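Engineer: Kindly generate the complete structure, drawing on both the sequences and the hints.
The sequence shown begins at 35 in this note's numbering and counts up one residue at a time.
Treat the hints loosely; a few may be bogus.
Across the chosen pairs, the derived CB separations fall in these ranges [to be verified]:
id : residue 1 : residue 2 : range
1  : G64       : N93       : 31 to 37 Å
2  : R121      : E47       : 38 to 44 Å
3  : G147      : I92       : 37 to 43 Å
4  : L82       : R121      : 26 to 32 Å
5  : N136      : V103      : 32 to 38 Å
6  : S96       : H143      : 31 to 37 Å
7  : N93       : T52       : 23 to 29 Å
8  : D95       : H75       : 28 to 34 Å
9  : N146      : P81       : 37 to 43 Å
10 : H75       : P97       : 35 to 41 Å
11 : S102      : R74       : 20 to 26 Å
12 : P97       : D62       : 29 to 35 Å
13 : P97       : P77       : 19 to 25 Å
14 : I50       : E148      : 30 to 36 Å
Calculated directly from the structure, the hints in this document are not laboratory data. The model shown is predicted, which means the values in this text are computed figures rather than measured ones. Here a beta-carbon is modelled for each residue, glycine too, at the ideal position from N, C-alpha and C.
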Amino acid sequence: MTFLFWWKIISSEQPITTIIGGPDLYIDTGSTVNLTCIVRHLPEPPPLIQWTHNEQEINYDSPRGGVSVITEKGDITTSYLLIQRARSTDSGKYTCLPSTANPMTVHVHVLNGEHPAAIQGSKGLRGSTVVTFVLVLVLVGLRAFPVR
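Structural biologist: Here it is in structure tokens:
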């Protein structure tokens with residue numbers, strides 16, 4: 035007689051949502067804003083991740099243009115919000131809202147040539163550059179090795 039047992043390991047860890055480089059990011063006018071939201075410790079990927087700017091859902095088809103989102107689902111789900119040609123009106127509070135985990139917020143400051151001493155050494159600009167570089171590498175890798 036054969037017995038089959040199905041064991042499901044249930045993690046006691048709570049879902050965690052983080053935005054890389056937060057809680058404040060400093061970006062130069064005209065640069066690309068890359069907000070990266072990471073969701074961990076879920077039994078399955080969230081069905082939906084929404085982004086808001088100052089409490090308003092982001093419209094990716096707005097006349098402003100240059101705003102897009104890329105979401106990679108898996109054991110760790112990552113959502114990238116990309117805003118090209120940043121302008122002062124892009125400053126404000128951005129929130130990543132996974133449908134099955136807690137939201138996370140970051141404040142984006144688009145600088146128009148100002149470099150107060152308090153933010154000159156900020157890691158926000160360098161962190162954004164690194165994340166943009168990694169995103170480009172991921173996208174190039176996906177094009178080079180398409181999933182069939």
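Engineer: For each hint given before, does the structure comply? Return the numbers of the non-compliant ones in rising order.
Structural biologist: 1, 3, 5, 6, 12 and 13
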